[in-house]
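Given the structure of chain Z, go ahead and fit chain V onto it with the hints provided.
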Amino acid sequence: MTEDVLGQANFFAFIFLFLWGLLIMLSHHNLIKKLMGMYLVQTSVILFVVSLSAKRGGTVAILLPDLTEPGAYLNPLPPALMLTAIVVGVATLGVSLALAVRLYRQYGTLEEGEIFRRIE
Amino acid sequence: MSRHLPVLIFAFPFLTGVAMPLVGLWARAWCRPLTLIALSGMSLLTLLLLATVVEDGPIRYAFGGWAPPVGIEWVADGLSSLMMVALSLIALLAVVYAGSTLVQGPLATKTALYYTLVLLLVSGLTGIVLTADLFNLFVFLELTSLSAYALVGVAGGHASLAAFRYLILGTTGASLYLLGVSFLYAATGTLNMADAAQRLPALLSSHVVLWGSVLIMVGLAIKMALVPLHGWLPDAYTHAPDAVSTLIAPLITKVSLYALFRIAYWVFGPETMTAQIPILPVLSWIGAGAALVGACLALIQRHLKRMFAYGGIAHIGLSVLGFSLGNQTGFAGGVFYLITDAVMQAGLFFVAAAASSMHGVRELGDLERLRGRSPWTLAALIVIALSMIGFPPTGGFFGKWYLVLGALERQHYLGVAAIIGSTVLTLAYFFRIFEKVYLEKTPVPARSPEELPWTMRLGLGVVTLALLILGFGSDWLIALIHATAVPKGL
Chain Z
1 MTEDVLGQAN FFAFIFLFLW GLLIMLSHHN LIKKLMGMYL VQTSVILFVV
51 SLSAKRGGTV AILLPDLTEP GAYLNPLPPA LMLTAIVVGV ATLGVSLALA
101 VRLYRQYGTL EEGEIFRRIE
Chain V
1 MSRHLPVLIF AFPFLTGVAM PLVGLWARAW CRPLTLIALS GMSLLTLLLL
51 ATVVEDGPIR YAFGGWAPPV GIEWVADGLS SLMMVALSLI ALLAVVYAGS
101 TLVQGPLATK TALYYTLVLL LVSGLTGIVL TADLFNLFVF LELTSLSAYA
151 LVGVAGGHAS LAAFRYLILG TTGASLYLLG VSFLYAATGT LNMADAAQRL
201 PALLSSHVVL WGSVLIMVGL AIKMALVPLH GWLPDAYTHA PDAVSTLIAP
251 LITKVSLYAL FRIAYWVFGP ETMTAQIPIL PVLSWIGAGA ALVGACLALI
301 QRHLKRMFAY GGIAHIGLSV LGFSLGNQTG FAGGVFYLIT DAVMQAGLFF
351 VAAAASSMHG VRELGDLERL RGRSPWTLAA LIVIALSMIG FPPTGGFFGK
401 WYLVLGALER QHYLGVAAII GSTVLTLAYF FRIFEKVYLE KTPVPARSPE
451 ELPWTMRLGL GVVTLALLIL GFGSDWLIAL IHATAVPKGL
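Residue numbers (our numbering), protein chains in the order written: chain Z, 1 to 120; chain V, 1 to 490.
Please keep in mind that the hints were generated in silico from the structure rather than gathered at the bench. All C-beta atoms, glycine included, are put in the ideal place defined by N, C-alpha and C. No incorrect hints appear here.
Ranges of calculated distance between the beta carbons of each label pair, as one might list FRET restraints: (1) Z/Met36 - V/Trp211: 22 to 32 Å; (2) Z/Lys55 - V/Ala29: 51 to 61 Å; (3) V/Gln411 - Z/Thr68: 52 to 62 Å; (4) Z/Pro70 - V/Gly473: 52 to 62 Å; (5) Z/Leu97 - V/His4: 36 to 46 Å; (6) V/Gln411 - Z/Arg56: 47 to 57 Å; (7) Z/Lys55 - V/Gly473: 56 to 66 Å; (8) V/Lys488 - Z/Pro70: 27 to 37 Å; (9) Z/Ser27 - V/Trp211: 17 to 27 Å; (10) Z/Lys55 - V/Pro58: 30 to 40 Å; (11) V/Phe434 - Z/Trp20: 45 to 55 Å.
Some chain Z residues close to chain V (C-beta under 7 Å, calculated; not the full set): (12) Leu81; (13) Ser96; (14) Arg102.
Anything over 10 Å on all C-beta distances counts as not near chain V; from chain Z, calculated: (15) Ala13; (16) Ala61; (17) Glu69; (18) Pro79.
Just chain Z, same shape as in the assembly:
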């Protein structure tokens, strides 16, 4: 059991971060805190996918002249994909912060309930 948990530590770390992010998004009414939760969810997925390519004794996927066996390298695909996902995440964060700034300038607060009250 302990070995199972330790062997899949990446998975448990991911679940912890993912659920924590969801909880923050659901329970907080401050827009910036919601964004933090959202970013935690995104990052937890990225962490999980990158950890898929981890391997004991493997090295980074840059071809070395004396190391021709493919098994000695880490799988380069998940990190490469996640590089794209990180860029997408940064873009999302940029747009969301811009929206938050827009709302703050107009209503002078970042509390969702308060903004609602001022709209009505």
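Just chain V, lined up with the frame of chain Z:
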């Protein structure tokens, strides 16, 4: 030449979109003509693509000469080229319709950025439709959504809050989708759809595949606003500027729905999705429920755009029901209904935009102001309403007809009941609209009819005509879908 068609189609909106901010710096007056040229060129190429695909079969395009499954592959088959034709024509029509009248308020000072976002949105949707790679689909899903958040939120005020919520939910959906794709990748070691489809049958007992498929479906269900995950849609569509809601309402949810069923049928296959991982039966129940819930919620709305938004949610449910019946009739009916629904949503939001920008009508209570003053808007609304309810000879009738046939074939009687129930509810909420327009006794101030600009008349006319053409040409279109667009093994 025809081998490169898929990527040429993408290049039109994408390159123009990327260049648009620079064009805006030098010559702002050129932004709109350039956008129209790009979308027209794209539309012509999609028609050519459809003709080529029907003639010679699917076109497979490997990027950078890396053969799939190593490289990224795009596939234009019958279904995707049909979707491309509908998508590009509706986008063109929406931009024509918005004209210079609707691009107003906060959009007017940022014309270049508005057209940039419109073109990026269209290129994102193109990518979703044409790609045959699961991760590539995620990137285009996010490109589409990011443009949509920005377009919805640009007006400030309530629209920004709606966009913020849309962003939070949309990003959660995208993260779930990405997680599901990474599960599938962990199980199969591939991201190419056709390659994954070959490897999956041997791995079906794996929990990783099961959870991967569930996560993908939930993620895309958020993006397409399938009840009960539709929370972001009504606010976003109601508060978005008119020039934006006319564009995103007919396109985004429909293309996300397409992506879901592209994966369900082309990666997992109909047999797997009904037997080992019973997602299709579940979706058919949810679709039936969504058709009823959406129509009920539409019935109790007072705000015109909000009512139409809920109507759209109900129609998404109907299309989902058709697609998930798991037989050819239902699938073809689903595709047909999806295209008809895109035209109807475009039409409804065109009408709402005309009513609010020309006559200041936003609530149902103000509708009487349209009487006798806006013949074009009302004539179009009558035809669209007939199609939404499902009267012959409009497209809506034939769509529902094939959905009912498919449901009967599968003996999904609750589905049939949901289609009929949703039809009655649709009749009821359009009755509320026309009651307000024609039966209210309050005297209307005698004023001469206000003319709509020609772009808006053109848009309303084309939508009306398209619904009738879809009705009269339904046999031909259904035959085309049966011949080219239905997945193998159905």
